[in-house]
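Asker: Sequence:
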Amino acid sequence: MSSSIENCVPPGFRFHPTDEELVGYYLRKKVASQKIDLDVIKEIDLYRIEPWDIQEHCGIGYEEQKEWYFFSHKDKKYPTGTRTNRATMAGFWKATGRDKAIYDKNKLIGMRKTLVFYKGRAPNGLKSDWIMHEYRLESEENGPPQASTITITHITSLLHLSVSRKII
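Position 157, counted from 1, in the sequence shown is what full-length UniProt numbering calls 157; the numbers after and before it change by one each time, with no gaps.
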């Protein structure tokens, strides 16, 4: 993979932001069209890429990664509806559990939704080892219209994580 991001981060660079940093700094700046100091989160169309192809599209630095961060736009399932389309060519992302509130001090700034990738089509999909955390800003009455459609997504593969833990 050859990208400008590989050239702008030093060897050994690790990107491990907290939930608060992802929402309060990166997502807020992206929605406001402000410059982000180090451009390490790429913007992709999440539902045009299968989870196992993410490394070639979203890697940073020189080493193979086990987790990825990127900006994505939420796509509506139906033009006039509110449901989000989370299907790819090979499967779909299914929400699990309740959304987690993200606070900066005592102020609610965003939410985190956890999703799991299933291969195939609902309701008969086969659960995979791919986990996604989708971060969104908390709605503001006078906020920009794109605030509700732009998200930061963090994807990990439990298979990749368990293999690396066994090696150590």
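The set of hints was computed from the structure by calculation and includes no laboratory data.
The structure presented is a predicted model; accordingly, all values stated were derived computationally and were not measured.
Watch out, some of these pointers could steer you wrong.
[What the hints assert, rightly or not] Listed next, the in silico BS3-like pairs over lysine-lysine satisfying Cα-Cα at most 30 Å (straight line):
id, residue 1, residue 2
1, 29, 119
2, 66, 127
3, 107, 30
4, 127, 105
5, 107, 127
6, 42, 77
7, 35, 119
8, 29, 113
9, 35, 74
10, 107, 94
11, 35, 66
12, 77, 105
13, 66, 100
14, 42, 30
15, 35, 127
16, 119, 74
Asker: Next step is simple, just say for each hint if it's right about the structure.
Answerer: We went through each hint and held it up to the structure:
1. For a cut-off of 30 Å, the pair hint linking residue 29 to residue 119 is broken: about 34 Å separates their Cα positions.
2. Proposed proximity of residue 66 and residue 127 is supported: the alpha carbons are some 19 Å apart, at most 30 Å.
3. Annotation: proposed proximity of residue 107 to residue 30 holds, straight-line Cα distance about 20 Å (limit 30 Å).
4. About 36 Å separates the Cα atoms of residue 127 and residue 105, which puts this hinted pair outside 30 Å; it is violated.
5. For the suggested pair residue 107 and residue 127, the alpha carbons sit about 35 Å apart, so the restraint of at most 30 Å is broken.
6. Taking the CA atoms of residue 42 and residue 77, the gap is near 23 Å; set against the 30 Å cutoff, the hint holds.
7. For the hint linking residue 35 to residue 119, the alpha-carbon distance of about 37 Å lies beyond 30 Å, and the restraint is violated.
8. A C-alpha spacing of about 20 Å is found between residue 29 and residue 113, which places the hinted pair at or below 30 Å, so the restraint holds.
9. For the suggested pair residue 35 and residue 74, the alpha carbons sit about 21 Å apart, so the restraint of at most 30 Å is met.
10. Taking the CA atoms of residue 107 and residue 94, the gap is near 28 Å; set against the 30 Å cutoff, the hint holds.
11. With a C-alpha separation of about 27 Å, the suggested pair residue 35 and residue 66 falls inside the 30 Å cut-off, and the hint holds.
12. The straight-line distance between the Cα atoms of residue 77 and residue 105 is roughly 35 Å, outside the 30 Å bound, and the hint therefore fails.
13. Distance hint between residue 66 and residue 100 is fulfilled; the C-alpha atoms sit about 23 Å from each other, no more than 30 Å.
14. Note on residue 42 and residue 30: the hinted pairing holds, with a Cα-Cα distance of about 11 Å set against a maximum of 30 Å.
15. At roughly 38 Å between alpha-carbon atoms, residue 35 and residue 127 are farther apart than 30 Å, so this suggested pair is violated.
16. Proximity of residue 119 to residue 74 is assessed by CA-CA distance (about 20 Å); at most 30 Å being required, the pair is judged to hold.
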